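Number of protein chains: 2
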Amino acid sequence: MLNEMKSRFAGKDVAVIGVGMTKFGELWKKSLRDIFVEASLKAIENSGVDHIDSMYVGTMSGGLFVGQEHIGAVMADYLGVAPIPATRVESACASGGAAFRQAYFEVASGHSEIVLAGGVEKMTDGADVTEALAAAADQEYEVYNGITFPGLYAMIARAHMHQYKTTREQLAHVAVKNHKNGSMNPNAQFRSPVTLEQVMKATMVADPLRLLDCSPVSDGGAAVIVCSVDYAKKLKKPYVKVVASAQASDTIALHSRESLTALKCVSVAADKAYKQAGLKPSDINFAEVHDCFTIAEIVVTEDLGFFEKGLGGAAAENGSTAIGGKIPINTSGGLKSKGHPVGATGVAQIIELYEQLTGNSGERQVKNAKYGLAQNMGGSGASCIIHILEAV
Amino acid sequence: MLNEMKSRFAGKDVAVIGVGMTKFGELWKKSLRDIFVEASLKAIENSGVDHIDSMYVGTMSGGLFVGQEHIGAVMADYLGVAPIPATRVESACASGGAAFRQAYFEVASGHSEIVLAGGVEKMTDGADVTEALAAAADQEYEVYNGITFPGLYAMIARAHMHQYKTTREQLAHVAVKNHKNGSMNPNAQFRSPVTLEQVMKATMVADPLRLLDCSPVSDGGAAVIVCSVDYAKKLKKPYVKVVASAQASDTIALHSRESLTALKCVSVAADKAYKQAGLKPSDINFAEVHDCFTIAEIVVTEDLGFFEKGLGGAAAENGSTAIGGKIPINTSGGLKSKGHPVGATGVAQIIELYEQLTGNSGERQVKNAKYGLAQNMGGSGASCIIHILEAV
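Line by line, the protein sequences are chains A and B. At position 364 of the first sequence the residue is numbered 371 (this note's numbering), and the sequence of numbers has no breaks. At position 351 of the second sequence the residue is numbered 358 (this note's numbering), and the sequence of numbers has no breaks.
Careful, some of the hints might be misleading.
Since the list can't tell identical chains apart, any single copy or any two copies may satisfy a pair.
Derived SDA-like pairs: lysine to any residue, alpha-carbon spacing no greater than 25 Å straight-line [unchecked claim]: (1) Lys19 with Asp60; (2) Lys287 with Gln372; (3) Lys271 with Ile91; (4) Lys30 with Met207; (5) Lys19 with Val236; (6) Lys187 with Ala161.
I should point out that these hints are in silico values taken from the structure, not numbers from a laboratory. Quantities reported herein were computed from a predicted structural model and do not represent experimental measurements.
Construct all of the structure, not just a fragment, from the sequences and the given hints.
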């Protein structure tokens with residue numbers, strides 16, 4: 008089966024050769040284009056390339072957040088790289104992962120040699136953020152009836168607590184761990200650790216989720232440079248190899264699913280990714296996962312196969328997902344602490360993988376990491392994009 | 008040079024094996040998802056495939072038009088094809104061309120065998136259409152100061168009239184020809200021919216552009232099935248080959264360009280496309296071009312190399328671009344008469360190429376056509392995507 012799968016991929020091997028991001032947070036003095044250009048210039052400089060052939064920009068809703076679509080062209084213009092091809096891709100909060108995947112395809116197809124994959128979102132410019140984010144849910148059947156994302160994930164949390172005896176404390180442990188990791192990340196929006204008690208007593212948002220269970224509203228940009236492995240070798244600079252790119256979809260509405268406690272888009276994409284890479288979950292040394300809410304990290308770590316179904320909460324509580332644990336999760340601080348400028352998140356996950364796999368993560372370094380996995384998700388799980396990167 | 012270029016493309020040869028679209032127009036009884044699903048089911052049925060591996064959706068602004076982002080997942084769900092990967096791509100009015108290009112890359116890379124590329128827009132659902140479309144221009148420097156697209160293209164028209172003595176009548180001839188072609192297209196929004204006098208006396212929109220110089224506000228969807236040429240051969244059904252996919256960008260703002268009368272994104276992308284295909288402009292037998300306004304068709308046919316710079320207006324007047332002329336342009340009716348549901352337009356252009364190249368265009372058939380070119384454009388020319396398809 009493995010040989011069969013591998014034989015299907017006739018394309019070139021693909022590498023990541025440079026990364027750059029802005030600090031995530033409330034970037035009042037920077038516009039959407041400022042943020043993207045800052046991250047992209049850092050990535051270009053970091054990679055050492057003298058040009059790029061093409062670029063992708065992941066943005067969830069330039070239209071609703073700042074009234075700007077045609078994001079690819081805007082960014083190519085302000086980055087000073089026109090007339091190269093520039094395309095925006097959108098998959099709600101998985102837009103960054105989608106941008107990286109399109110860059111992967113373009114390089115794998117042999118059509119371009121060096122492609123920039125970036126993501127950006129400017130969420131603090133005055134738009135109704137909750138309403139804009141709700142455009143990632145089912146507008147006709149969910150949003151119209153009044154629900155938004157904290158409510159959707161609260162239902163997932165309640166169902167998981169009911170079905171698997173997951174506790175309120177276990178949810179809080181995710182936040183505590185991710186804030187601790189984020190405190191060591193200079194680009195994180197929140198660099199302050201939080202205590203279990205602080206999470207447990209935070210303002211209620213949507214029962215059982217409290218303020219510190221929720222990722223914040225953020226501005227930010229992230230970019231990586233993608234090229235063929237052959238080209239990366241010639242550059243003689245650190246690079247990592249992309250050994251899997253997988254994506255899956257599910258019903259847009261949460262109420263249409265067979266289960267509230269399992270994310271099918273995650274397990275389907277993970278299965279494809281492991282097959283493409285010829286790996287199993289236990290081969291993965293660390294992962295960045297889509298912790299838009301604490302419950303999401305618990306469900307996702309189960310559906311990625313890192314823990315048995317129902318034991319994700321216990322894993323967060325017993326330290327299995329901490330740096331130094333069985334499988335460190337969200338060493339960057341995750342969406343929870345690093346911030347969640349929605350279009351940038353998936354690319355920022357790739358950046359954390361690159362930095363860990365090239366040994367540049369400072370005090371949050373995972374030792375002897377060979378394989379890192381990035382799991383980026385849209386909506387309440389209607390889309391999921393997974394990449395596995397390998398140190399070389 | 009040609010061999011050098013060709014040798015860069017290591018990927019698989021790519022084919023189009025089936026097409027489907029809705030009627031374009033004011034589709035009051037159909038929602039965004041209804042429209043996309045209708046077009047996609049037709050394309051799947053037309054191609055004869057029993058599944059698709061992945062899909063792309065070109066949509067300019069689901070957010071501003073109908074409050075729905077996460078378009079890829081929504082459409083996969085309602086098409087009944089989840090959990091396959093589904094991604095929305097956006098390049099303003101070139102979103103459809105961008106979706107087709109991403110499908111091309113995914114197949115060329117060997118990552119997927121059968122990919123659906125669709126485009127859709129629902130523009131008549133109550134949004135402020137002029138404001139939503141303006142999100143394709145420079146929000147910070149153009150739109151903020153009050154200009155919208157009719158004004159931008161009116162400036163291009165005035166400059167072209169000044170520089171090349173292009174006449175008001177020549178602009179009108181584009182509309183007359185495209186309405187005549189559209190009258191023969193059952194899927195066109197406007198199937199009524201118009202006279203030169205009607206165009207010349209139509210309500211002024213932005214001097215010199217009158218109502219009949221402008222493409223309409225439309226709902227509509229279009230989809231095509233893309234696969235490798237190897238797979239297409241096995242199916243033993245009609246297919247056409249994709250011999251070039253090229254894209255270019257330019258400044259987002261019209262005022263930043265060196266020239267108002269030439270669209271650099273078009274000439275740069277055309278140059279790349281001709282090189283990839285090993286063709287010159289005179290090898291192309293017919294083309295679908297982005298006539299969002301009559302002046303756009305004139306400028307684009309020059310910048311594609313079909314006519315000398317400045318002679319695009321004369322070509323429209325003397326019949327060179329009519330069916331039976333030197334190079335038939337917009338045999339489908341173009342955006343002007345067929346309609347312009349912005350995200351769907353680029354895919355609908357590919358459909359016209361497929362139907363012409365497989366000899367299924369009925370009374371608007373171009374005789375002995377071997378090569379067709381589709382030129383899809385975003386904004387006032389900040390992005391352009393060109394594909395060349397070959398009959399087999």
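Structure-based check of each hint:
In this homomeric assembly, Lys19 and Asp60 come within 25 Å of each other (Cα to Cα) both inside a single copy, at 16 Å, and across copies, at 20 Å. With identical chains, the CA atoms of Lys287 and Gln372 are at most 25 Å apart within one copy only, with a shortest distance of 22 Å there and 55 Å across copies. For a Cα distance limit of 25 Å, the shortest separation of Lys271 from Ile91 across copies, 11 Å, qualifies, whereas the shortest one inside one copy, 37 Å, does not. For the identical chains of this complex, Lys30 and Met207 are neighbours neither inside a copy (28 Å) nor across copies (55 Å), given an alpha-carbon limit of 25 Å.
Taking the shortest Cα distances, Lys19 and Val236 sit within 25 Å of each other both inside one copy (8 Å) and across copies (19 Å). With identical chains, the CA atoms of Lys187 and Ala161 are at most 25 Å apart within one copy only, with a shortest distance of 24 Å there and 57 Å across copies.
The earlier numbered hint that this structure contradicts is number 4, and it is the only one.
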